[in-house]
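Those sequence lines, one after another, are chains A and B.
First residue of the first sequence? That's 1 in UniProt numbering, and the numbers climb one at a time after it.
First residue of the second sequence? That's 1 in UniProt numbering, and the numbers climb one at a time after it.
Hints should not be assumed to be uniformly reliable.
You can't tell identical chains apart in this list, so a pair holds if it fits in one copy or across any two.
Unchecked claim - In the DSSO-like style, the derived pairs of lysine-lysine whose C-alpha atoms are separated by at most 30 Å in a straight line are:
hint : residue 1 : residue 2
1    : Lys291    : Lys205
2    : Lys150    : Lys288
3    : Lys288    : Lys151
4    : Lys304    : Lys151
5    : Lys193    : Lys301
6    : Lys273    : Lys7
7    : Lys20     : Lys273
8    : Lys215    : Lys299
These aren't lab readings, by the way, just hints derived from the structure by calculation.
Protein chains: 2
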Amino acid sequence: MGEVKNKQVILKDYVTGLLKESDLDIAEGTITLNLPEGSNEILLKNLYLSCDPFMRNLMSDIPDRFLPYAPASPLAGYGVSKVVESGHPDYKKGDLVWGFTKWEEYSLVPSAQILFKIEHTDVPLSYYTGILGMPGVTAYAGFFEVGLPKKGEKVFVSAASGAVGQLVGQFAKLSGCYVVGSAGSKDKVDLLKNKFGFDDAFNYKEEPDLNTALKRYFPEGIDIYFENVGGKTLDAVLLNMRINGRIVVCGMISQYERSQPEGVTNLTNLITKRIRMQGFVVSDYYPKYSKFLEYIVPKIKEGKIVYVEDIAEGLENGPAALVGLFKGLNVGKQVLVLARE
Amino acid sequence: MGEVKNKQVILKDYVTGLLKESDLDIAEGTITLNLPEGSNEILLKNLYLSCDPFMRNLMSDIPDRFLPYAPASPLAGYGVSKVVESGHPDYKKGDLVWGFTKWEEYSLVPSAQILFKIEHTDVPLSYYTGILGMPGVTAYAGFFEVGLPKKGEKVFVSAASGAVGQLVGQFAKLSGCYVVGSAGSKDKVDLLKNKFGFDDAFNYKEEPDLNTALKRYFPEGIDIYFENVGGKTLDAVLLNMRINGRIVVCGMISQYERSQPEGVTNLTNLITKRIRMQGFVVSDYYPKYSKFLEYIVPKIKEGKIVYVEDIAEGLENGPAALVGLFKGLNVGKQVLVLARE
Chain A
1 MGEVKNKQVI
11 LKDYVTGLLK
21 ESDLDIAEGT
31 ITLNLPEGSN
41 EILLKNLYLS
51 CDPFMRNLMS
61 DIPDRFLPYA
71 PASPLAGYGV
81 SKVVESGHPD
91 YKKGDLVWGF
101 TKWEEYSLVP
111 SAQILFKIEH
121 TDVPLSYYTG
131 ILGMPGVTAY
141 AGFFEVGLPK
151 KGEKVFVSAA
161 SGAVGQLVGQ
171 FAKLSGCYVV
181 GSAGSKDKVD
191 LLKNKFGFDD
201 AFNYKEEPDL
211 NTALKRYFPE
221 GIDIYFENVG
231 GKTLDAVLLN
241 MRINGRIVVC
251 GMISQYERSQ
261 PEGVTNLTNL
271 ITKRIRMQGF
281 VVSDYYPKYS
291 KFLEYIVPKI
301 KEGKIVYVED
311 IAEGLENGPA
321 ALVGLFKGLN
331 VGKQVLVLAR
341 E
Chain B
1 MGEVKNKQVI
11 LKDYVTGLLK
21 ESDLDIAEGT
31 ITLNLPEGSN
41 EILLKNLYLS
51 CDPFMRNLMS
61 DIPDRFLPYA
71 PASPLAGYGV
81 SKVVESGHPD
91 YKKGDLVWGF
101 TKWEEYSLVP
111 SAQILFKIEH
121 TDVPLSYYTG
131 ILGMPGVTAY
141 AGFFEVGLPK
151 KGEKVFVSAA
161 SGAVGQLVGQ
171 FAKLSGCYVV
181 GSAGSKDKVD
191 LLKNKFGFDD
201 AFNYKEEPDL
211 NTALKRYFPE
221 GIDIYFENVG
231 GKTLDAVLLN
241 MRINGRIVVC
251 GMISQYERSQ
261 PEGVTNLTNL
271 ITKRIRMQGF
281 VVSDYYPKYS
291 KFLEYIVPKI
301 KEGKIVYVED
311 IAEGLENGPA
321 ALVGLFKGLN
331 VGKQVLVLAR
341 E
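One chain only, chain A, in its complex shape (with noise of 0.2 Å):
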């Protein structure tokens, strides 16, 4: 194979404020589908492409902001990926893997890339995006290993029916808690209730006082907070934990957008009520990530845990998928796919 087209998403400039269709730009490139002579590089193929709630806070222009993007180059994020062509000795043409990739159709990575080879075939690919890779990690890193969690224990999960928030929620169920998940509209909710098990949900667009709400649904307040928002959420939730709550710090979707974060007012609240606040990157789990494995796919398999997507089709969405995505308008996780194999 020589050279072919390779059409990519770009970001055009750093972006304030919310994310617009019109902040990228699908261009189209091209790329050799050889490797030089004596490459260690590998060279993907992309499948599917994952968006992910980090991705815009790469876009901001932020100083010391760890690997942003650079404008008017390809948005890079985790996908699903075969093996085209490979100098790394661990990879081989026709293996399918899953890792950080460019929003493009063929990728050249660096031999020091991390891939995750894909052994489970027999499950959705597109599963490798989202409960089988890096959200599905943090879901279980930020629940078990962060949290710690007890038996009927009480926990909230907020953005609750997002790639992350969904597992969660199964997590606590099979864990013997009791858990109660946030999303925006009555659909996420439904799908919270009547597919992942939640005891509870509610949507946090119609309520006019979270403060409130989180009294209604816990009673005895809160022992771990599963964070994806941030923000006025985080301040409802501080004045609602029990002693010796643990808030694991998972993301903090309503902040990305803004040049100026929400101020949180209510953190007096971790003294007195003795709480562990706890930030965590996914990639220092990786290790587990066998462990993960064996955890989950049985899991899967006997359907004692569920998972929902939602698919987009084709590269030139990826942009309208990805706004989409923070102003929450996925139910479920949010996939693009490039190509089926």
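On the provided structure of chain A, position chain B as indicated by the hints.
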């Protein structure tokens, strides 16, 4: 002994905003210096009273507040007292104790009240309001048990010349850490550098931008922040924490006089830097009090730990001493002496 006069410091009503001397009153009650037949209470003569930041917190009319003061009643707080009469088998007349008492000359405390018997009397008795009392255990438990310091780590302490801060800084040095403190006057900064052995110190009131100041003292970032003040300082610290840093949330004195606390905006740093931010309450660590004494008493006697008090004389000066604490007028631990024996 029969009925005697009993001077008291009374909280007139709940306080909003800055505490003023006029919010407090000196009243003259009476007390009978005999226990009723069969009582298991303890009658105390109060010698030293402790001015502590948490007291302001108990003066606000905030729902769900843990044990707030009652308006028109005497203040309560930590003190050093002598047992006048005891119906409790663990205490006898003449015993010296420290624990929770009231701002008055004599107090009748219930048998369930936790009082620590003072065994070491070859140090100033007033020390049991500070270095050998609640603030001492606070510094010890917060730094060692919550902060989990490692040799070589960089430690920042706010309100560093206060009762807790001065000890945290010295514990940090004894643990092989680099430690910088902030305080609100040149005298305090001198004390930190020249008396307590902090590696460096600065006057936060002279820093136009705390973020810049912290970058100057911690070019590689902060591993442990011992949080005594909250608000803007916390926000600047969040920008300067290192990966896997810990924020020990001991107090937030800058927030206690605000009806609306300052919003903290940089909490997303918790995620990317994997920060553990943990509140604690000193009483949870009282079971370790004797272990704490074993650690600290020899160090005091050998001069390896020093301690500075700011002593006010007489119950009449209590309101001014307490108000001064929130204005930062005290240099070192603010103590009020009622009687020396």
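Hints, verified against the model:
Taking the shortest alpha-carbon separations for Lys291 and Lys205, neither the intra-copy value of 38 Å nor the inter-copy value of 52 Å comes in at or below 30 Å. With identical chains, the CA atoms of Lys150 and Lys288 are at most 30 Å apart both within one copy (21 Å) and between copies (26 Å). For a Cα distance limit of 30 Å, the shortest separation of Lys288 from Lys151 qualifies both inside one copy, at 23 Å, and across copies, at 29 Å. In this homomeric assembly, Lys304 and Lys151 come within 30 Å of each other (Cα to Cα) only inside a single copy, at 18 Å, whereas the closest approach across copies is 47 Å.
Taking the shortest Cα distances, Lys193 and Lys301 sit within 30 Å of each other inside one copy (21 Å), while across copies they are farther apart (64 Å). Taking CA atoms no more than 30 Å apart as the test, Lys273 paired with Lys7 passes in neither setting, with 52 Å inside one copy and 34 Å between copies. Proximity of Lys20 to Lys273 under the C-alpha cut-off of 30 Å is restricted to the inter-copy arrangement: shortest distance 28 Å between copies versus 41 Å within a copy. Neither within a single protomer nor between protomers do Lys215 and Lys299 lie at most 30 Å apart by alpha-carbon distance, with minima of 33 Å and 48 Å respectively.
This entry does not satisfy hints 1, 6, 8, going by the numbered hints stated previously.
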